[in-house]
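Generate the whole structure from the sequences, applying the supplied hints.
Number of protein chains: 2
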Amino acid sequence: MIELIKDATRPNPKSISDACQRLVIGIGDDTAAWHGSPRVQLATTDSLVENVHFTFESSTWQDLGHKSLAVNLSDIAAMGGRALYALVSLTCPGSVDSVCITDFYRGMTQLAAKHGVVIVGGNMSASSEVTANVFVVGEAISNTLLRRSSAQASDLIAVTGSLGGAAAAVAALKSTATGDIAIPQALMQALLRPEPRLATAHVLVAEGVQCAIDISDGLVADLGHICECSNVNATIQASQIPVNPECHEVAPDPLGCALYGGEDYELLFTCNAATYERVAARLDVTPTIIGEIMDTRTSSRGVVVVDAEGRTLTPGSTGWKHFGI
Amino acid sequence: MIELIKDATRPNPKSISDACQRLVIGIGDDTAAWHGSPRVQLATTDSLVENVHFTFESSTWQDLGHKSLAVNLSDIAAMGGRALYALVSLTCPGSVDSVCITDFYRGMTQLAAKHGVVIVGGNMSASSEVTANVFVVGEAISNTLLRRSSAQASDLIAVTGSLGGAAAAVAALKSTATGDIAIPQALMQALLRPEPRLATAHVLVAEGVQCAIDISDGLVADLGHICECSNVNATIQASQIPVNPECHEVAPDPLGCALYGGEDYELLFTCNAATYERVAARLDVTPTIIGEIMDTRTSSRGVVVVDAEGRTLTPGSTGWKHFGI
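First to last, the protein sequences are chains A and B.
Under numbering that gives the first Met the number 0, the first residue of the first sequence is numbered 0, with each subsequent residue one higher.
Under numbering that gives the first Met the number 0, the first residue of the second sequence is numbered 0, with each subsequent residue one higher.
Please note that the accuracy of each hint is not assured.
With the C-beta cut set under 8 Å, the calculated list includes, among others, these residues of chain A facing chain B [to be verified]:
#1 VAL51
#2 LEU86
#3 LEU144
Since the hints were derived computationally from the structure, they do not count as laboratory data.
Idealized CB from N, CA, C, for every residue including glycine.
The following block contains the structure:
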């Protein structure tokens with residue numbers, strides 16, 4: 000099995016990524032090893048658990064490999080870093096075919112290669128349900144880290160891409176157990192194959208942005224984390240939220256999906272207007288201004304969502320609910 | 000919950016460990032961050048799964064916290080490095096009390112503090128069974144890594160401490176479902192609270208040892224990994240194996256526990272006689288010479304176990320079998 004995994008995860012021998020160049024020992028010894036650098040190092044871990052975060056009714060093993068790495072790369076993006084190495088702990092029933100396991104690693108390796116990441120280790124264990132635990136190590140690309148604690152009053156709040164797609168797909172999957180509604184491909188893509196915004200993050204850092212988070216728990220919940228860490232409040236305009244247009248096809252409450260649904264893995268960042276102009280001119284993915292950071296002395300507590308007339312909208316929920324919880 | 004975990008994992012504010020000094024961001028942002036170094040970096044991950052690697056009938060949550068970190072620190076030791084940071088993915092049923100979770104992190108933090116390691120991140124998720132996935136980053140302490148591939152013909156083979164204790168404890172637990180045999184404390188300690196041999200590893204590196212592995216799969220299986228990676232064979236003397244003396248109290252086959260049982264987390268290393276003498280004089284834990292590395296041109300394939308008369312003993316098994324497999 001280790002030989003199959005080594006094959007499935009082998010980086011392209013022509014790769015000239017920094018991670019490949021610095022690698023000393025990959026899969027096969029007690030630990031992985033690579034040449035260090037004086038840069039600030041980053042590390043994160045995230046797990047996807049069967050029947051909690053995904054089911055094999057809607058997800059393939061390749062999708063699982065992709066997504067379990069993507070959610071970690073998204074965390075590295077949210078700090079403004081680049082990713083270098085991934086280690087993978089996969090637990091699954093002994094009855095799972097080796098083809099599924101290699102598919103899992105192939106899906107992961109495809110995404111890894113795209114971002115210059117090398118899969119350097121991990122382990123497999125028996126368990127009653129499938130759990131993919133991925134750890135990613137990366138490093139800062141400059142002296143700036145995009146921290147949750149760096150938002151300042153009067154900063155603009157912006158997000159990349161569109162929101163709500165993953166949540167709409169989950170809602171549609173739940174309501175179509177009988178398979179009678181076709182779920183738009185774009186929504187399934189948002190749920191199963193999120194694209195970590197690493198290139199976007201590097202533009203943010205280069206242009207002087209200091210505060211960002213990736214939207215994994217949901218827009219309102221994640222912006223709430225920024226408010227808490229930065230000791231500020233936030234007002235967002237419901238009418239400005241870039242709702243994934245496909246949400247309207249299947250979701251009774253598309254705005255709710257965008258505000259409270261999670262797993263979009265877009266970046267939310269805050270900065271002043273001049274910085275925003277420079278960022279927007281350079282980004283490969285369209286950003287949208289959705290609101291403003293408020294001083295705690297002159298605003299309500301936490302995140303307030305207002306409609307086009309300035310009236311406060313009451314949240315229907317406080318973040319993403321996973322499949323099985 | 001995150002606040003409880005932050006409390007349980009907070010390093011002693013008086014700690015002057017390198018990991019504490021270099022930490023930039025711990026638990027609470029998208030990733031952990033610390034100041035890098037030009038040294039060779041090491042990373043490893045390992046999982047403990049309920050009913051496969053442990054049960055709560057014999058293990059407490061503190062034991063689980065200790066062991067799930069210890070097995071990773073042991074991998075860092077086996078490379079001759081020092082450990083710096085740990086990230087933890089814990090999955091468990093939603094019904095688990097928060098006291099259990101903080102106990103888990105307390106058990107882990109006690110061991111971490113002993114080795115100057117800081118717990119800097121992780122995540123929690125619902126699941127039907129408890130799985131502790133730990134990821135540890137460390138770095139080399141010199142230019143030498145203890146590789147599986149560095150064994151040379153005519154090297155002595157040595158192990159630290161005693162072997163078979165964890166396997167004897169597992170065997171005794173299985174045969175005492177009715178609780179009518181007292182299992183010696185030393186064996187339970189070997190199973191539940193293994194001590195990673197980091198200090199020992201640093202002596203090995205300082206004295207010029209080049210090849211080591213930690214005994215997690217079992218002595219014969221792990222020595223087999225060295226043979227494969229180094230393209231050598233090995234002969235070990237059954238009579239020289241340092242069998243944990245307590246094994247004789249409960250195990251019908253103490254030697255079998257020491258040869259084929261796993262999870263001892265002692266170090267096996269190979270080196271020439273002069274190096275061994277220097278190492279043995281400095282080690283805090285008694286090493287024992289158990290055999291010799293053989294040239295493939297003049298020996299049988301893989302690992303051969305011989306008795307005091309030089310007769311080959313046939314292996315009864317090829318490594319550690321976990322609880323549930």
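Cross-check of the supplied hints:
Using the Cβ-Cβ criterion of 8 Å, the hint placing VAL51/A at the interface with chain B is satisfied: the shortest such distance is roughly 5 Å. Interface hint at LEU86/A: satisfied, since its Cβ lies 4 Å from the closest Cβ of chain B, which is below the 8 Å cut-off. With a cut of 8 Å, the hint placing LEU144/A at the interface with chain B holds, because the nearest CB-to-CB distance is about 6 Å.
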